[in-house]
Amino acid sequence: MKGRVGLYFILPAMLVLVLLIAYPVVYTGYLSVTDPKGALTGKNFVNALRPAVTKQAIFNTIYWVLGSIVFQVVLGTLTAILLNQQFPGRSIIRSITLIPWVVPGIVAATTWAWMFHTEFGIINYMLTSADVIPSPIGWLTDRNLVMPVLIAVNVWKLFPFVAIMVLAGLQAIPADLYEAAKVDGARFWDEVWFVTLPQVRPVLVAVTLLLVIWGLNSITLIYAMTGGGPANRTMITPIQIFHLAFDSFQFNQAAALSVMFFAVAIVIVAVYVRIVPQTPGAAK
Amino acid sequence: MSAAVITPGRRTLAYVVIGVASLVLVVVCLFPFAWMALSSIKKVNELYTVPPHWLPNEPTLLNYATVLFKSNIPRYFLNSIIISGGSTALALVLAIFASYGFARFEFRGKPWLQSFVLIGQLLPTAAIIVPLFITLRWLGLVNTYWGLILVYMIITLPLSVWMLTSYFRAIPVELEEAAIIDGASRLGVLFRVTLPLSLPGLVAVLVYAFVTTWNEFIFALCFATDSTVKTLPIGLAEFSTEFNTDWGGVMAASMVMTVPVALLFLLFQRMFVGGLTAGATKG
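Chains A and B, in that order, are what the protein sequence lines are. Each residue of the first sequence is one higher than the one before, starting from 2 at the first, in our numbering. Each residue of the second sequence is one higher than the one before, starting from 208 at the first, in our numbering.
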C-alpha cells in the first residue's frame, strides 16, 4: 500500500526515538567541542585523551570485548550443538541454559562477587580443598587475575544467548544435507565442520557483531563487581565516561570521550547493518 | 568406503558424552543460583565460616525479614514495577503502530527509517548518557517515574518494533483485505484482525520489554538518584557496596529481584524464544 498513511502509523515511535536518540547524539557532538560556557574549543579532546587512565581504559575495553567474545561464541556454539541432539530431557536443559541470560546483570554480579570472595567465597574453598591452589586467591583484588575473572562472568552471562540463536540456525538446516553427508561417509565432527558451521556462519557473524556492541556497552558487571579497580585494571571506557560525567562533573570532557567511543561503535554498527540483511531474523 | 554405521558401542559413547556435557551445563548455569538461595537462608555465623557450610545447619528467614522490613527494597520493588510496567505498556503501544506501518505500507524513506530503528538498538548507551541527562534535567524529569519510563524507550522500542514487524509480515494480507472489503477501517483491521493473530509476538515483546527494563542498571543509576524513584538494581548495588557488605541480605534481595523475572520468563519461554529467533528459523 502506498501513500502517507504508513507514515502516520510510525510517526509517534519515530518522534520518541528522535527525541531520545538522534537529539542526544547531536548534542553530544556539540558538548564535545564547547566549553561549559558554550564557547568553541578543542581542548576537551586533548584533556580527555591526556591522562594515562584513558589509554589504559582503551586497552582494557579491547581486552574485555575480545576476551569475552571468543569464549561466548565457542561455548555458545558447543552448547547449541549439544542442545540440537535428540535426547530425553533436552527441553528442560534448554530452559535451564537460558537462565544466566535472563537474570538481572546486577544479581549475577553480586552473586559471583560473593562466590569469588577471598575469605568466605565458595570458589576459593573448592579450589583449595581440591589442592588446585595452595592458598585462597584474591580474585577481584589481584591485578592480573581480575580481568579474566570478570570476562569469565561475562561469558557465563551471555553464552546462552549465542546458544539459542545458533540453535535456531541449526534447526533451520535442511535434513537432506546431513543425509547426503552420511551417504558420503561423514562422521560427527565431519558433519559439524563441513555441513553445520558453513550453514550457521551468517548467524554467527550477526551474533558476534552484536556481542561486540554489547561488550562495548556493558557497564553493569564491572561497575558492580570492581568499580573499575584495582588500580584501574578493569576500567573500561564506558565506565570512565560515567565517572567523568557523574563523579567529576566534566560533562564536556565526557562528551569528547563519548564522541570518540561513538565513532568506533558506529563503524561496527555500520558493518553490522550491511551484513545483517543477508541474515534474516538474526537482526537483534 | 562404507557409510558410517552407528554401532551400539558408538551410540552408548554418544549418550555418555551428551549426558556428561548436559550435567556440566546444568551445574554451570544453576550453581550460582543454588548458592544464592542457600546463602540467603544462612545466619551470619554460617555465612562467615571457613570452611563454608554447604547447607545451612539452622536455616533462617532473618535475611528476608531484614530485606522486607528494614530496608528500602520493598519501595524499590514498587518503583521497579511502576517503571517497568509503564515503559513496557508505552513501548508496546508505540511499537504496535510503528510495526504495522512498516509491515503493511510503502512510503518514501522507509528503508532509511528502519535502519534508524536498528541503529537505535545498537547505540552504546554510555555515549548518549550525558546529553540524555541534560535533556531530562531540562524537561524536569530527573528523579521522576516518567523520566525513566521515557528513557527506557531507547532500550525497548527498537527491538519491539523489529520483532512485531516480522510478526505482522507473517500474517496473510488477504485476511486484512477481506476485512476491509467487509467495511472495516484500517485501525479496525489492526485491532480486530492483526493483533489477535499476533498474540505470541505481543507476548514476546511484553516479556522482553519488562525483563530488560527490570534488569536495567546504568540509566537507573544516572537518572534516578532519589530513593522515591530508585529501582531494584540500584537498591541491590547499594546493599553490596557499603563498607560492610551484609552478604546474607544481598543474597535475599537478589532472590526477591530474580524470582519475578525468572517466573515470567519460564511461563512464556516458548513464545519469547520463538519471537526472538523467528526470522532465523523462518529464513
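If you are wondering where the hints come from, they were derived from the structure by calculation, not from laboratory data. It is possible that part of the hints are untrue.
Unchecked claim - Far from chain B, by Cβ distances over 12 Å, these chain A residues were calculated: (1) D36; (2) T42; (3) K56; (4) R188; (5) T221.
Claimed, not checked - Here are the in silico distance ranges between beta carbons for each label pair: (6) B:R217 - A:R202: 40 to 46 Å; (7) B:G347 - A:Y64: 36 to 42 Å; (8) B:E265 - A:I276: 28 to 34 Å.
Built from N, CA and C at the ideal position, the CB exists for glycine as well.
Status of each hint after checking the structure:
{"no.": "1", "hint": "D36", "in the structure": "holds, 15 Å"}
{"no.": "2", "hint": "T42", "in the structure": "holds, 16 Å"}
{"no.": "3", "hint": "K56", "in the structure": "holds, 18 Å"}
{"no.": "4", "hint": "R188", "in the structure": "violated, 6 Å"}
{"no.": "5", "hint": "T221", "in the structure": "violated, 4 Å"}
{"no.": "6", "hint": "B:R217 - A:R202: 40 to 46 Å", "in the structure": "violated, 28 Å"}
{"no.": "7", "hint": "B:G347 - A:Y64: 36 to 42 Å", "in the structure": "holds, 41 Å"}
{"no.": "8", "hint": "B:E265 - A:I276: 28 to 34 Å", "in the structure": "violated, 57 Å"}
Violated hints, in rising order: 4, 5, 6 and 8; the structure is consistent with all others.
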